[in-house]
Every structure is written in structure tokens, then in C-alpha cells.
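Just so you know, the protein sequences line up as chains F and U, in that order.
Quick note on my numbering: the first sequence kicks off at 11 and runs consecutively.
Quick note on my numbering: the second sequence kicks off at -8 and runs consecutively.
To be clear, the hints were calculated from the coordinates, so they are not data collected in a lab.
Be careful, since some hints might not be right.
The calculated lysine to any residue pairs, modelled on SDA-like cross-linking and capped at a C-alpha distance of 20 Å, are [to be verified]:
| hint | chain 1 | residue 1 | chain 2 | residue 2 |
| --- | --- | --- | --- | --- |
| 1 | U | K41 | F | N58 |
| 2 | U | K157 | F | I98 |
| 3 | U | K156 | F | N97 |
| 4 | U | K41 | U | P112 |
| 5 | U | K76 | U | V11 |
| 6 | U | K156 | F | Y99 |
| 7 | U | K41 | F | I15 |
| 8 | U | K76 | F | N97 |
| 9 | U | K76 | F | I15 |
| 10 | U | K156 | F | G14 |
| 11 | U | K41 | U | L67 |
| 12 | U | K41 | U | T110 |
| 13 | U | K41 | F | N104 |
| 14 | U | K157 | U | L67 |
| 15 | U | K41 | F | G16 |
| 16 | U | K157 | F | F35 |
| 17 | U | K157 | U | L60 |
| 18 | U | K130 | F | M71 |
| 19 | U | K76 | F | N104 |
| 20 | U | K76 | F | D106 |
| 21 | U | K41 | U | K156 |
| 22 | U | K130 | F | D69 |
| 23 | U | K41 | F | V55 |
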Amino acid sequence: MIEGIGIEHFLVVSTLMFFIGVCGFIIRRNLITMLMSVELILNSVNINFLVFNRYLYPDQMQGHFFSLFIVGIAAAEASVAIALIINIYRNLNNIDVENVSEMKY
Amino acid sequence: MSLSVFMFYLLSGIILTFSVLSITTRRILRAAVYLLFVLVATSGLYFMLKYEFMAAVQLTLYAGGIVVLIIFSILLTHHISHRFKRPETMNLLMGIGVAVVGSGVVLATILTHPFIASTSPVLPVDMSVIGNQLLSTGKNGYVLPFELISILLLAAMIAAIIVAKKDKNKNSEI
């Protein structure tokens, strides 16, 4: 717990970061930048878990482990997504979402 | 204003500024670098919350691993001086609208809800506690998700290799 900073400050920062990620997911038309928006969203959720753990339940550590597993899953997700993006680029020669409408091999 | 409060506002400012820049810049490599700044500042927040292990994981895995992966895939798929077109007005309005409405609802909920800070003693989260909890099968043990995530990571690794592999003899195989 940090002296002089309430839990709301952290929650406001993570909420704004979450919705910036959502906004980026909607306005971007490129697969890699959409993936980056998803990383922003996951990161803001991680901040929430850790802050709730530290301020409301400092004698337990569920939030810590939750965010640890979220980081692991985010790594797996990013690697598979980038493999798919590279494969799409190889087949279609660009990676804009408008062009990825056919699942032709 | 004490130093930790100043640090908190500095890190929050970095996080919010570079998140916005990362989704609005028209050069994709800059977007990746701004994302890197956001992730490093987030790990600074974890250090302030005294979750040192989590901060180290954030630095090595996110800032060291995922951002490098993203930058490599950018270099493989884009020309370095590539610039995006401006987003369509409809998309822009939709995105900003969703963000404003959603964050308004969530912020209203957060700022009116009374959070009762706990006064129970703080459990130190050091390396030995984390290791014991992660591999314990007893109460509050996390061995099942630990094993599950190891299987998930193996599956993701094999899947990534197979999906991104170049098919050399595609025609002769079929």
C-alpha cells in the first residue's frame, strides 16, 4: 500500500487504459496494432488484480497468482497470433482486416 | 507531496500518454515502441505496490519478450517507412463513443463504491512464498493451474511452429 494514494487512483488509471485499448481495437485496421491493443487491455486487467490484492486483501495472494497466469496466457496468445499473422501475410501479402475474409488455404 | 506520490503520478501520466499515442500514431514501429514504454511504466507501478516478482516478470516477459516478438513481426511484414491511412470517420466515432461511454459507466461505479481498505497484516510476497504456493497441493495451492498453463504453453509453442512453418513441398504432398 502506498501512503497518500487511495485505491481509486489506481482504478481510474487502469480503467482509462482498458478503454483506450478497446478504442484502439475498434479504430485500427491492422492485425498487429489490434494485437497491441489487446495487450493494453490485458495489462490494465493485471493492474486491477494486483491493486485489489494489495489494498483489500493484503494477507492473501490470489490476485498476484491470477496476474501471473494472465501474463503466461498473454505470451501464448501473442505467439500464436503472430504465427497466424505471418501465415496470413504469406498468403495474402498484407494484413489488413478487410482482406482477411476468406479462409482459403 | 511525497516522493512516492510524485512517482505514482509520473508513472500514471506516462502510461496514459503513451497508451493514447500507441493507438493513434500512424507509424507502426513507433506504436510498438510506445507500447514498450507503457509496459515498463506498468512494471514501475508493480514495484511501487511491492510486488517485485510480478514487476520482474512484467519486464522480462512483456517488455522483453512480447514487444520484441511484435517488433520482429512488424519488420517482417511492413516496410519501415510505411504509414497508415487515416481511420474512417465512422470507425473513429464508434471507437471514441464506446470508450467514452464505457469509461464513464465504469468510473461512475468505481468512484461511488466504498472500498474498505483492509487492516490485516501484510503478507510479504517474496520468492520462497511464491514458489511454495505455486507447487503446493494443499490449501491455497496452485499446482493445478500451474500444470495446465505448462500444457497450454507447450500446445501454443507447437501450434506457432506448425502454423508459421513454410510449406516446402506443398504440391507434392497432396
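- [ ] Hints the structure violates: just list their numbers, smallest first.
- [x] Hints 8, 9, 10, 11, 13, 16, 21 are the ones this structure does not satisfy, whereas the remaining hints hold.
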